[in-house]
Structure formats: C-alpha cells, structure tokens
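Student: Each chain is listed here by its residues.
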Amino acid sequence: MKKAIRKAAAVLTVLGMTTGMLTGCGGSSTTSQTTAGGAAANKETGAGTEAAADAASSGLAKEIDFLNSKGEIQAALEEMAAAFEAKTGVKVNILACGAGEVPYTKITSMYNSGTAPTMAMLDTTDIVALAEEYAIDLSDQAWIAECESNITQVNGKVYSFPFCIEGRGIIYNKQAIESTLGQAFDPDTINSLESLSALLAELRAAGMENPVVISKEDWSLGAHQLGMIYDTYDGTTAGSAELISKLTDGSLKAIEYDRFNQFADTMDVLLQYNINGKDPLGALYEQDPIYLADGDAAFWLNGCWAWPNLAEAGAEASEEYGFLPWILGNDTTDFANTGIQAAATKQVMIDKKQATAEEQEAAKAFLDWIVNDDEGQRMLVEVAAVIPACKNNAYDPLDPLGNDIKQKITAGKTFSSSFIAPGDHWSAVGAEVQKYIAGKQTREQLAENLDAYWQRQK
Amino acid sequence: MGTMGKNRVDRVKNFGIFALPAIFVFITVVIIPFIYGFYLTFTDWNGVTDQKNLVGFANYVGLFKDSAFWSSMLLTLKYVFFSVVLVNLVAFMLAYVLSSGIKGQNVYRAGFFTPNLIGGVVLGFIWQFVFSRVLVNVGSATGWGIFSTSWLSDPNKAFWSLVIVTVWQLSGYMMLIYVAGFTGMSEDVLEAASIDGATGFQRLRQIVMPLMVPSVVICLFLTLSRAFMVYDVNLTLTGGEPYGSTRLVAMHVYEKAFTARQYGVGQAEAVFLFLVVATISGIQVYLGKKKEVEA
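Read top to bottom, the protein sequences are chains A and B. Here our numbering is used: the first residue of the first sequence is 1, the next is one more, and so on. Here our numbering is used: the first residue of the second sequence is 1, the next is one more, and so on.
One thing to keep in mind: the hints can contain errors.
Only some residues are given here: those of chain A computed to face chain B with a beta carbon under 7 Å [said to hold, decoys possible]:
1. Val102
2. Glu133
3. Asp279
4. Leu281
5. Gly282
6. Gly423
7. Asp424
8. Ala431
9. Gln434
10. Lys435
Straight line, CA to CA, 30 Å or less: simulated BS3-like cross-link-like pairs of lysine-lysine [said to hold, decoys possible]:
11. Lys78/B <-> Lys435/A
12. Lys157/B <-> Lys78/B
13. Lys78/B <-> Lys289/B
14. Lys364/A <-> Lys353/A
15. Lys246/A <-> Lys440/A
16. Lys52/B <-> Lys353/A
17. Lys157/A <-> Lys408/A
18. Lys65/B <-> Lys253/A
19. Lys458/A <-> Lys65/B
20. Lys78/B <-> Lys440/A
21. Lys52/B <-> Lys106/A
22. Lys440/A <-> Lys157/B
23. Lys157/A <-> Lys52/B
24. Lys157/B <-> Lys278/A
25. Lys91/A <-> Lys391/A
26. Lys65/B <-> Lys106/A
27. Lys65/B <-> Lys440/A
28. Lys435/A <-> Lys65/B
29. Lys65/B <-> Lys246/A
30. Lys458/A <-> Lys52/B
31. Lys413/A <-> Lys391/A
32. Lys435/A <-> Lys157/B
33. Lys352/A <-> Lys52/B
To be clear, the hints were calculated from the coordinates, so they are not data collected in a lab. Ideal placement from N, C-alpha and C gives every residue a C-beta, glycine not left out.
Work out the full structure: start from the sequences and follow the hints.
Tutor: Following this line, the structure appears as structure tokens:
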C-alpha cells in the first residue's frame, strides 16, 4: 500500500514537471497572441479608462514593445513612453538591449523566437540589412518632410525614422586652451593641418605637455577615426559607397587615395602629442575623458555620445566644449576642414512580420508624437538629450557638444555622410589602426591591410 | 522494493519515471539544436532572413580559408596547454598542503575557492584594473621595467595575463576536487607504505599519485573543456586586444557569426571546434582511465 502511494506521488511529480516544461516552451508564442487578442477584446467592449478607450477607438493597439539600443537613454525613453501613454493610452514597453549585447544579435534572436518588438531602434547598417524583409514602408509618413536631409532610403523607399543625429570630430575644451595660452581661442581658426600643428606646438610650449587624447578602442579607431576617409570622399553617403566599391574591386588602392594619406598625416601629428603616447594601447576609456575635463589635455578624438562620459569625469554643461573638424590636409576651404560629420545614426523601424495592424498604427503614432507634439519634441531633446533629426524641433540641446552640433547644422557647417560597412569593419580595421598607433606597422602596411580587408568583401 | 525492475513492465515504468523527463530535456535543448546547427553549416543563412539556401561545403571551405580562425585556434591551443598544466599543478599542490592537516586549513580552502565564485565577467574587469592601473602605478613608483606599461597593451604579456587570471580562477575549484580525492584515500594503504619504509616523496610518487588518478582525470577534463570554451574572461580582460592578438577561438567564432554576420562560416567553425574539443577530451579520458588503479 505504502509503496503504491509513493509510486503514485512520483508519477504525479514527474507529470507535473513535464507539463511545466511543455507549457514553458510554448509560453513565448502564446504571449504575443494574448497581447493582440487583449487589444481586440478591449476594442469590442470599450472597457477601461478613458485613455484606453481613446486608443481603442482610434484603432491603436493598447501595448507595444520598443527595442532600445541606446542604453544611456533607457530611463529617458521610459519617461517619454509614460508621457505618451498618459496622452494616448498606448503603453510602450521600452526593452533594453543589455550592456555588451549587440543590438543586431538581440533583434535576430527576438525574430527567431517569435517575440519581435513592434519598433526597434538600430544602427543604420542594421536597418539597411533588415529593411526590405522586416520593416514596413514609411515613405508616406508626414514627418518625412521635416527630416528630409536625414532620412535613409533603401531602393528608393524609407523604412526607418531617424531618431537622432550624432556627430564626431575633435572635441576641444576651450577653457583648457585659453587658460594655458592666456588668450582667447577661436575654433574657426583651426582649419588646416598647419594651423592645428601650430596650436599643438604652442600648447606644449606653454606647459600643456600632451594636449591630445587618443582612445585605443577599436570601434573608435576603426569606425570613427579611420572611417573619416570614407565620409570625406565627397561628404555624402552615396559618395562613401562609391569609394568603398572602388576599394573593394581594387580599382583604388588606399595608399593612392589622398584622404587616406591626409588621415595618416594628421594622425602622425596627433600621435606626437598623445597623452597616452608612452603606451598608446594601454589607454583606458574611463581615464580618457578625465584628462580632458581636468584640462590636462585639450582635445579628444570622439563624438557627441561622449558627453555623458565627460560629465561623469566632472565636466559641467555650462563649460565650453565643442568640435573641431577632423582636420585633413592644408586646404582651408575643404569641406572636411570647415565642417564636421553629423548624420542620423540611430534609426527606428516598425516590424511588418509579427506585428498586427493596430500595433503598427500605435508605433506610427509614437513616432508622430516625437516629431510633432510639443511635449514629445521637448522630451526628446531635454530628457533623452539627443540631437533631433527633424527641423521643426526648436528645442536646444542642453549639453555643449550637442548644442555645438545643432549650431553647426543650422550654420551649414556639417556634412551628412554616414558610411555603411560590413559588421566586422570596426573590429578588423580597428585592429589595424591599433597596430599603426602602437608603431607596429607603417602607413604602407596599414594601407595594404585596409585594401586586403575590402578585397575580402567581394 | 526487492522485486522492482525484475519484470519488463516495471522496467518500462521506471524508465518512464526517471529517465524520460531528462532525456526529453536533453533532446530538446541539446540534441535538436546541435543537429539544427550542423544543418545550418550547409546553408548561407545570415542569421535573420527566412531564406536558407543550401550551399554544400562552401562554409567549410570558408573555414579553411579563414586565416584569423587558424591563428586564434593556435593561440587557444597554447592557452589551453599552459592553463591546464598550471591550473592542475597549482591545484594539486594546494590540495596536498591543505589536506595534510595544517592549522586553519579550512579557512585556506575557502579562501582559494572564492575566486571561482566570482563570475568571469566581473573577474575580467577586476584584473583589467589590476594589470592596467595598479601594476602600472607600482611600476612607476618602483621603477620596475616589467610593470612600466600595461600588460594588456602587449600581445605577449596580454596572453600571459589571460593565463594568470585563468589559473587564479580555476585552481581553487580543482583544488576542491583534489582535496576530495585526498580525503577519500584509505589511511591503511598510506600507513602500510610507511611501515614498509617509504619516504615522503616515495609515498607521494608510488602510492598517492596512482590513487589520485581518478581525480586527475576529472580535473583535466574540466579544465580542458573550460579552457577551450573560455569567452567571458577573454571578453572583459583583453577584449581580444591589442589589435586582435588575444582573440581566443570562442570569441572568434562569435564575432564571425554575429559581428561579421557570416553565420554559416561561424557555425562551421563552431562544429570544427566541437570536434577538436571532443577528440582531445576523449583521448585524455581514455588514457586516464587506463591508468586508474583499485585501492
């Protein structure tokens, strides 16, 4: 008797566990159905709060997911989503892409597991890769008129909303320069390699031993510094694609390309004044902004995304930081020396495969709110602290780097090329530039390795 | 209970109760993905599209052409060799000392085991700080040339940093297994050896070592497979830098599949890595088992 009971108990336990496992496996696919079903049910009954009724009556889903790949604005986006929900009744869940998680890997696995977010914020390269198969066509959206110069097209159609503008160049700390030299500094006077070299020599003579910070990160050296040679081909994304196709088919060698040589010339000068010069690859990304904020150095090769790092290092928003162009050559009228690169980097696409029509409409409404609603505009700039891509947004960025870019855009002192390269470009080419700054390879070897990288992409 | 398992019905029932759930889980989360992954090596899938075209052995050709893969494979073999040898030497010596009955040995055991409780990612960051900040400051304060620049900025020193951190992390864990081996050893045999006049070293060489072979086999197996598959420490300590020179094979496979988005080639490299690890561990276990003796 006792034995039978014990056996029965064992069987029950096992059964329970097995069912648990089975339901566990099926869980993810049922969730998305419930969400859609829930929205539909709500629409029929018209129950819920007033706001929810709003959402239902306008044919919007009650709840959508938004994959955020800009970790530093996660909290800000959640705040924006809450404001949007208060207004429209549509709840936007902001999903974080974990630290160190590659956004493309994340969206890939979400699609494969059937839990794709309705909206996803991704880099332009990723958007181009996914657009035609996974994103809905947004070419008819009203906001296109406001962001015209910043939209990305794939075969003539728009699949993504330019979420923000990011720019890069040589960040300067104006106060550090002025207090070292004892005179006013006008960044516009630095528009050639000669004037840059002269300024660096002056700073050194005045006691700032090594005025330049060069970070050793491969994404920085590969994509942002060396990447300048693509973006300055003629200042447009189409131009950079043309150059890249020449490098890929071997009809142009890097060493014969004037921008490459100008890049190496400038790099050589900067390296002489590198504060990490004793051990260039021993640089620490946590330490680099501290040099600049403390005024031990005056320049840092980086972009506007570095502001949070600078702020953490003690820089105040009231201080004067801004961008010098990534100087290339001695032509003072060259667009590369008079303006900086600034383009839409993060783009938002709306899923066409797994989202319902109501979810897609809700997603479009969220984008429209960011572009056209005063509260949406304000929060994008002041809470999320990004530089808006739409010209109807009149709010000024609060941080000096963003503000400098916004002013340069208004003054026409930017170029919007944003080159598109294979996913491993930054790490593979970054490694080659690392060898160069560590003195492990010559300019000719760097050029050869760059050619070799591109010719592998055929 | 005595009659259980005697007849066929009981056997099927027992199998159903005890083995089936585990087998079900094993098949769904290990076997099926493995076979599916193997299938993917014959396609040109990029990771997201619905289209998968069969491309035959093109990915395996890609694998043999990928020179970066072979250099990280070679580096990994070097890393595995030094890690396995050093981890086991250190662990064995620690276990030998800490099971000889010295004062406070339990405290020491806990102390040496602690690094293993820290996750590889955190550990990598801690040691990154040690190598690139603490030691450099020590170097500039004392003038010792060896610490004048960060160890992580030189390919060779960065490699040894990886080995050092691995030894520091794994030897405590292996020490516990060796300690268990020492504790389980029969006192009678050791006593008999002493009565027969064996010296300390003879005892270690002729009696203790043969009896410890099962522990050695387990430890070698664990360190081998863990060292081959290491990713977390590699990622946070060196990140493959300087200039990609410390990219171990697991990291290379990941980057091939997800950063370079050549999913097929990356998967083919993963299959190849599996074969290498399976072969080496298999040989090691087989040879080790032959050396085992009954006490």
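Student: If a hint holds in the structure, say so; if it doesn't, say that too.
Tutor: Here's how the hints hold up against the structure:
1. Val102: holds (6 Å)
2. Glu133: holds (6 Å)
3. Asp279: Given a least distance of 4 Å, the restraint on Asp279/A holds.
4. Leu281: holds (4 Å)
5. Gly282: holds (3 Å)
6. Gly423: At about 5 Å, which falls below the 7 Å cut-off, the nearest Cβ of chain B leaves the hint on Gly423/A intact, so it holds.
7. Asp424: holds (4 Å)
8. Ala431: holds (4 Å)
9. Gln434: holds (4 Å)
10. Lys435: Hint holds; Lys435/A Cβ to chain B Cβ min 5 Å, cut 7 Å.
11. Lys78/B <-> Lys435/A: The given pair, whose Cα atoms are some 23 Å apart, holds under the 30 Å limit.
12. Lys157/B <-> Lys78/B: holds (14 Å)
13. Lys78/B <-> Lys289/B: holds (25 Å)
14. Lys364/A <-> Lys353/A: holds (16 Å)
15. Lys246/A <-> Lys440/A: holds (27 Å)
16. Lys52/B <-> Lys353/A: This hinted pair holds, its Cα atoms lying about 17 Å apart.
17. Lys157/A <-> Lys408/A: holds (28 Å)
18. Lys65/B <-> Lys253/A: Since the Cα atoms of Lys65/B and Lys253/A sit roughly 23 Å apart, the hinted pair holds (cutoff 30 Å).
19. Lys458/A <-> Lys65/B: Given that 30 Å is the threshold and the Cα spacing comes to 14 Å, the pair holds.
20. Lys78/B <-> Lys440/A: The given pair, whose Cα atoms are some 23 Å apart, holds under the 30 Å limit.
21. Lys52/B <-> Lys106/A: holds (20 Å)
22. Lys440/A <-> Lys157/B: Holds, at roughly 16 Å.
23. Lys157/A <-> Lys52/B: holds (25 Å)
24. Lys157/B <-> Lys278/A: Holds - the C-alpha atoms of Lys278/A and Lys157/B are around 17 Å apart, at most 30 Å.
25. Lys91/A <-> Lys391/A: With a Cα-Cα distance of about 27 Å, the restraint between Lys91/A and Lys391/A holds, given a limit of 30 Å.
26. Lys65/B <-> Lys106/A: holds (29 Å)
27. Lys65/B <-> Lys440/A: Within the cut-off at roughly 25 Å; holds.
28. Lys435/A <-> Lys65/B: holds (23 Å)
29. Lys65/B <-> Lys246/A: With Cα atoms ~24 Å apart, Lys65/B and Lys246/A stay inside 30 Å; holds.
30. Lys458/A <-> Lys52/B: holds (20 Å)
31. Lys413/A <-> Lys391/A: holds (15 Å)
32. Lys435/A <-> Lys157/B: Holds: Lys435/A and Lys157/B sit about 16 Å apart, inside 30 Å.
33. Lys352/A <-> Lys52/B: Cα-Cα ~20 Å, so holds.
Taken one by one, the earlier hints all hold for this structure without exception.
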